[in-house]
Amino acid sequence: MKWCRFSTGGPISFGIIEDDMVTEVEGSPFESYKKTSNSHKLNAVKLEVPVIPPTFYAAGINYPEHVTWAAQMRGEEPVLPQQADVGYRAINALVPDGHDIIVSQRRYGNASV
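Following this note's numbering, the numbering of the sequence shown begins with 29 at its first residue and continues without gaps.
Just so you know, these hints were derived from the structure itself, not from any lab. Be aware that a few hints might be false.
Calculated pairs, DSS-like style, for lysine-lysine (alpha carbon to alpha carbon, straight line, at most 27 Å) [as the list claims (entries may be wrong)]:
(1) K30 - K69
(2) K30 - K62
(3) K62 - K74
(4) K30 - K63
(5) K74 - K63
(6) K74 - K30
Only a predicted model underlies this, so the values are computations on that prediction, with no experimental measurement involved.
Start from the sequences, fold in the hints, and give me the full structure.
The structure is reproduced here in structure tokens:
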């Protein structure tokens with residue numbers, strides 16, 4: 029089952045993609061849901077960002093399995109961090125299907141952002 033968030037010029041809705049059709053649902057993939065009678069051709073809807081998560085923080089030291097897996101994929105020995113490397117993922121890092129990724133041209137000191 030393929031879920032999406034989509035719009036057709038009005039409010040954004042969750043939908044289920046089947047073949048070339050999107051069926052609107054009441055609810056979400058994270059709770060109970062019910063298919064509605066509203067269906068749209070997939071190529072007639074605007075696919076939106078799949079979810080709107082809150083900004084979250086991650087500390088690399090908490091994910092040794094991921095570090096090990098990534099190193100194995102590269103054919104390297106894993107090197108676990110000695111201290112937490114905290115980073116965050118902001119919701120503005122997400123873009124809908126078909127939209128451009130905008131890279132800021134602002135500069136801070138010698139570092140390009």
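Outcome of the hint check:
1. K30 - K69: 15 Å, holds
2. K30 - K62: 15 Å, holds
3. K62 - K74: Answer holds: K62 to K74 is near 21 Å, not above 27 Å.
4. K30 - K63: 13 Å, holds
5. K74 - K63: 19 Å, holds
6. K74 - K30: 15 Å, holds
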